[in-house]
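Novice: Quick mapping for you: the protein sequence lines, in order, are chains Y and S.
Each residue of the first sequence is one higher than the last, beginning at 928 in the numbering used here.
Each residue of the second sequence is one higher than the last, beginning at 460 in the numbering used here.
The reader is advised that the hints may include incorrect statements.
In silico DSS-like cross-links for lysine-lysine, where the CA-CA straight-line distance does not exceed 25 Å [what the hints assert, rightly or not]: (1) S:Lys602 / Y:Lys1087; (2) S:Lys698 / S:Lys602; (3) Y:Lys976 / S:Lys602.
What the hints contain is simulated information worked out from the structure, not anything from laboratory work.
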Amino acid sequence: MDVPVIELTGIVKSFGPVDVLKGVDLKAFAGKVTALVGDNGAGKSTLVKGLAGVQPYDGGTVKYDGQEVHLHTPREASALGIEVVYQDLALAENLDIVQNMFLGREETRFGTMDEGTMERQASETLQGLSVRTVKSVRQKVSSLSGGQRQTVAIARSVLKNAKVVILDEPTAALGVAQTEQVLNLVRRLADSGVAVIIISHNLVDVFKVADYIAVLYLGTMVASVATADTNSDDVVGYITGSKTYEGKNV
Amino acid sequence: MTDSHLAQSARSARLQQLTQLATNQSTILVGVMILLTIVFSSLEPKFLSALTANNILTDWGSVALIAVGQTFVIISGGIDLSVGATIGLSGVVSAWTMANVLGVDQTIKGGEASGALLIGTLVSVAVGVLVGLTNAFLINRFKIVPFIATLSTMGAALGFSVIISKGAPIGSASNFALISAIDPKVNPFSWAVIVVIIVVVIVGLFLHKSRFGLYTYAIGSNSFAARAAGINVERHLTKVYVLSGALAGLAGMYVYLRLGAGSPSSGTGRELDAIAAVVIGGASLMGGVGRMLGTVLGALILFTVQSGLIMIGVAPDWKKVVVAVLIAAAVAVQTLQSKNRRTA
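Required output: the full structure, derived from the provided sequences and hints.
Specialist: Following this line, the structure appears as structure tokens:
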């Protein structure tokens, strides 16, 4: 198998006396969707925040394309092409789509912001993802629907040639049609060569879109399998701790 | 590369934004200004004079400076209650420095006076910066909400200014060379007001055209999003409170020029005028919303009402009532607008 784009080994993280991650391993491959599942409090969000550089890990190694890296700030993660789309959609509602997509990395020309270039790149990225639901890239995010916001957040993540995109519950707040749209978008994202990690509680979504499923249980990775080699019942068992995975982890 | 369909519609949306802006808060405010002018001048013809305009603009100057700083603070999702007290403190420290360090007295003239004023201004702004840094330190380091953090620096600044001045104004109003900058030179504008206008324009462009301004909106809109985008939120807020403090320091010097003295109570209550101007100007205390033009017009309306009421012979206490109505009306308009937007 190829070298994983992201390889986490023995990741540890505690908050005071609480050990949230107790030596977690995880791999993500280019062009594949890896679903990260687990019950509330299993440590999914903590694992993701460490990768994003928002909340650095206490211990363990992070390898990026086989090279060990240290992620301490969002900028460091972003520089490597690791982007996170947060559950609570880290978008500024009072800013428009372009401003949100470029926030923190604006294009400038002669010291002023190059609005034309940013507008063009934003619409090209949206078109590249076959997004046709937004009317204008100058719309304020507050005027968008939940699905459109998710789309903008995903477009923001791939704007600067992301290698790894992590999606935290991208369909949690969406209706049926919008969920379908976003899942299609996730699939297209992976097909374009990005390594996608998706956190979800919805196993129907997971089985629809994921190539691999990794199950966290109380801060430990209890199973890591190809979707084709497992089924919903088993995964539920791993999540709740009522079943133990006997096979070899991917 | 050819322009895509989306970029084209972006341009039309920007045009739409422009027209929306024209039918927006600022236009309403200009309308209110015209209406006030018509009402006051029909009741008292002398209202339409360079003298009245000069009075209004001179009053406007000090509050415009702190309101402009307050606009940044409020857009960032905070509030700065310390700016009024900072006017007093910076004026007092500056007057004390000029009197006791530079030896400025009644006899100072021409170039010497200009030099003293320049140093006085620098001292005044430095005091404001110090207050701003203290605010930022309390907010960032101890996570004290801005309301309480700036309430305590407000108290401390007021206390220090009384301690330093021993409760009495420092300096004397009688020296013309020292305070001539406030005289109407280009009627109805004085040099001091012209400086204020220049500062307001520069800071306004800074808010609407620079990355700094954009990040201020982003933080006020969703500070988590700003952080996730790699913006150093604490450092940015420090700059915002320092800017507000520095402008309050500048306002302290402006008030010194008006009074010819540094007085500890000279800025008391001004923070509320500034907040009123910002809110009338269309900003939201929730953060993320606001425009500099709105603030500037909001402050202008405040003092037009004040001068107008006095000129038509209404007791000055009514000003407070009118201002209260204006604030309530501004917030009501804002709420209606956002409701319309949601249903649109």
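Novice: Each hint: holds or not?
Specialist: Checked hints:
1. S:Lys602 / Y:Lys1087: 34 Å, violated
2. S:Lys698 / S:Lys602: The given pair, whose Cα atoms are some 16 Å apart, holds under the 25 Å limit.
3. Y:Lys976 / S:Lys602: With a Cα-Cα distance of about 22 Å, the restraint between Lys976 (chain Y) and Lys602 (chain S) holds, given a limit of 25 Å.
Of the numbered hints given earlier, the model fails hint 1 alone.
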